[in-house]
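Undergrad: So you can see what is in the structure, the chains are spelled out below.
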Amino acid sequence: MSDNAELLKVTDLSLDYYTSQGITHALNGVDLSLKRSQILGIVGESGSGKSTLAYALTRLVPRNAVYRSGEVLFDGMSMLDLSEKELRGIRGKRISMVFQDPTTSLNPLFKVKDQIGRVLELHQGMSRAEARRAASGFLSAVELPDPDQVLDSYPFQLSGGMQQRAMIAMALSTRPDLIIADEPTSAVDATIQVQILELLSRLRREHEFSMLFITHSLDVVSAVCDSIMVMYAGNVVETGTVSEIFSSPKHPYTQALFSSIPRPRKSADEEKTLATIPGSPPDPRSLPSGCKFHPRCPYAFERCRTEDPAFRFVEPGHGVACHLY
Amino acid sequence: MTEAVRTGSSRLKVLRRVARTIRGLLHQKMFLAGIIIVGTLIIIGVFAPWVSPYPDQGAGQTANTSCPTSAAGICPPSWQHLFGTEQTGRDIMSRIFFGIRTSITISVLVVMLAVVIGLAVGLTAGYFGGLIDEALMRVTDIWLSFPHLILALVIVAVLGPGFNDILIALGATWWPGFARLARAQALEIRNRPYVIVAKAGGVGSRSIIGRHILPNAISPLLVLISVDLGAVILAEASLSFLGLGIRPPTADLGVMIAESANQITTAWWYALFPGLFLTLLVIGFNLVGDTIRDRLDPKLRVDLGMIDVGKLTGRSGRRL
Numbered sequence: 001m002s003d004n005a006e007l008l009k010v011t012d013l014s015l016d017y018y019t020s021q022g023i024t025h026a027l028n029g030v031d032l033s034l035k036r037s038q039i040l041g042i043v044g045e046s047g048s049g050k051s052t053l054a055y056a057l058t059r060l061v062p063r064n065a066v067y068r069s070g071e072v073l074f075d076g077m078s079m080l081d082l083s084e085k086e087l088r089g090i091r092g093k094r095i096s097m098v099f100q101d102p103t104t105s106l107n108p109l110f111k112v113k114d115q116i117g118r119v120l121e122l123h124q125g126m127s128r129a130e131a132r133r134a135a136s137g138f139l140s141a142v143e144l145p146d147p148d149q150v151l152d153s154y155p156f157q158l159s160g161g162m163q164q165r166a167m168i169a170m171a172l173s174t175r176p177d178l179i180i181a182d183e184p185t186s187a188v189d190a191t192i193q194v195q196i197l198e199l200l201s202r203l204r205r206e207h208e209f210s211m212l213f214i215t216h217s218l219d220v221v222s223a224v225c226d227s228i229m230v231m232y233a234g235n236v237v238e239t240g241t242v243s244e245i246f247s248s249p250k251h252p253y254t255q256a257l258f259s260s261i262p263r264p265r266k267s268a269d270e271e272k273t274l275a276t277i278p279g280s281p282p283d284p285r286s287l288p289s290g291c292k293f294h295p296r297c298p299y300a301f302e303r304c305r306t307e308d309p310a311f312r313f314v315e316p317g318h319g320v321a322c323h324l325y
Numbered sequence: 001m002t003e004a005v006r007t008g009s010s011r012l013k014v015l016r017r018v019a020r021t022i023r024g025l026l027h028q029k030m031f032l033a034g035i036i037i038v039g040t041l042i043i044i045g046v047f048a049p050w051v052s053p054y055p056d057q058g059a060g061q062t063a064n065t066s067c068p069t070s071a072a073g074i075c076p077p078s079w080q081h082l083f084g085t086e087q088t089g090r091d092i093m094s095r096i097f098f099g100i101r102t103s104i105t106i107s108v109l110v111v112m113l114a115v116v117i118g119l120a121v122g123l124t125a126g127y128f129g130g131l132i133d134e135a136l137m138r139v140t141d142i143w144l145s146f147p148h149l150i151l152a153l154v155i156v157a158v159l160g161p162g163f164n165d166i167l168i169a170l171g172a173t174w175w176p177g178f179a180r181l182a183r184a185q186a187l188e189i190r191n192r193p194y195v196i197v198a199k200a201g202g203v204g205s206r207s208i209i210g211r212h213i214l215p216n217a218i219s220p221l222l223v224l225i226s227v228d229l230g231a232v233i234l235a236e237a238s239l240s241f242l243g244l245g246i247r248p249p250t251a252d253l254g255v256m257i258a259e260s261a262n263q264i265t266t267a268w269w270y271a272l273f274p275g276l277f278l279t280l281l282v283i284g285f286n287l288v289g290d291t292i293r294d295r296l297d298p299k300l301r302v303d304l305g306m307i308d309v310g311k312l313t314g315r316s317g318r319r320l
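As you go down the protein sequences, you meet chains A and B in turn. Mapping the first sequence onto the numbering used here, position 319 (from 1) lands on 319, and the numbers just tick up by one. Mapping the second sequence onto the numbering used here, position 188 (from 1) lands on 188, and the numbers just tick up by one.
All clues stand as given, with none of them false.
Beta-carbon label-pair distances, calculated as ranges: (1) B/L280 / A/Y18: 51 to 57 Å; (2) B/E188 / A/K85: 23 to 29 Å; (3) B/I36 / A/L60: 47 to 53 Å; (4) A/R285 / B/I218: 36 to 42 Å; (5) B/I218 / A/D219: 42 to 48 Å; (6) A/P281 / B/L12: 49 to 55 Å.
Derived list of chain B stretches under chain A, where covered just means 3 residues or more per stretch with a C-beta under 8 Å from a C-beta of chain A: (7) 181-194; (8) 200-209.
Far from chain B, by Cβ distances over 10 Å, these chain A residues were calculated: (9) V66; (10) S127; (11) R202; (12) I261; (13) T273; (14) L287; (15) A300.
Simulated from the structure, these hints should not be mistaken for lab results. Note that beta-carbon positions come from the ideal geometry of N, C-alpha and C, so glycine has one too.
Construct all of the structure, not just a fragment, from the sequences and the given hints.
TA: And the structure:
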């Protein structure tokens, strides 16, 4: 397999949640492609379907979720057709996940060595002693000082930043091809956030894994990602490389996201208001017709209300779903 | 690197935490009283053959020397027989000690049986949910809809009275409570991040239930276990009182109370002492169970003033 081969390809993935209040359309025809050793940032508001997408890829969705259409190809395997047993062999071994809140992601009753070691025993068939040695190595790789002390600690004895590093070490320990990180820095404070982002960038260079990096922060995306995918109401509205999207965002929603980043005022008389996007994300149980963003879009015209815009590439590698282009 | 590893052995820290919890519990008079009662009675029960004044009579041997004042063998408390003797001339104190042994043995075994069945049913139902949950919990509801004793009576009536049969009868009727509690715990814990992490790590269901759900579900179960130990003792005594439990000559508090009922007007001591010890046993277990429950329920803890707020904020301050 060549280096720039596609590791993950998602085509027209749609997923619904069946709830007592009706059917929630969480994902609507999501396309995604990720090459080896690439980091793709998935950006969107809360409820835009970005976390659902992360779980949907490895079929970790709740019981009430139904795949409406689509295909997920991971290294040529159709994830939606694999048996539960085959999936277990992929989860944790070839696709690892890092989650949002490190303080609750470790079982409080077991020492760190039992949790990282267990992954290694399960997937690499290591003995207890081997697993401990390997786990210690990965803890050093995530820049935890004194890994042996950490291994013998219970989660409550570690700080949030240390716990997140331990989680990353655990995700790394089976040398996966793909790491899915679901807002890994939103629960730690700003200085730890920077450290963890730097760590992830460095690890990616050394260990050559691909990564889906889910976040609601554009700053974070620019720090670690190669390309960006912007989601709105379960749809992909824009994709492109970081430099293209940051220099010329095309979709009105992407532009609005950029203008919502708080900036220091230039002078004391400047108004003390933060730019916001008017309105709120649509109710996924009854999505608007046409373009899902039209009720909040300043450029909306008649066609936006009736016709769902097709996704087209304005430049090679920079695609947008909007009638303006 | 701004983070620093906290110093000191972690094993020691955990031991200290356990010690602090136990110390906290011992500061409560109710818990202390309960532990003393239960502890004493358990020691008496375990060492019944050695602490009883007439071990053979406790084990069922009929005394051949009858009391001079009564032809029936019943005599009031004296220095030879502190709690008096019953109709076959056996020493009531020895019988009570052996009876406590019977009660505690049955109670522990029944609760163990109930916990095993209840956890298996409840954790499976709660973790998998859906149809499995519906099926298992409807069965549990059916069992629960019969009062313990009625169902146990039916089972004993079919199997016939005896030690093993009363175990099966009570064990089979006691598990639904554990099943429901275990299910509620599993429902809550299965959505905790570390369970999702385990799933995302490719861990199988059995391993997740065993390593993640069960250990984290255990503390409310401990409360139910300690309260139920008392309740099972009472249920067993009731069955034996009705003649459907332990058969003579095995000493049993329920059987003794039943036998004493005929002589209640002439031999007060025969009814009083077994009744007193049965009451003590049940109260002891309930005191322990109730205080553990209060201790483990954070809302109640604040109400009871057991939480030192300064200490609490100090602890949460360690986190980052």
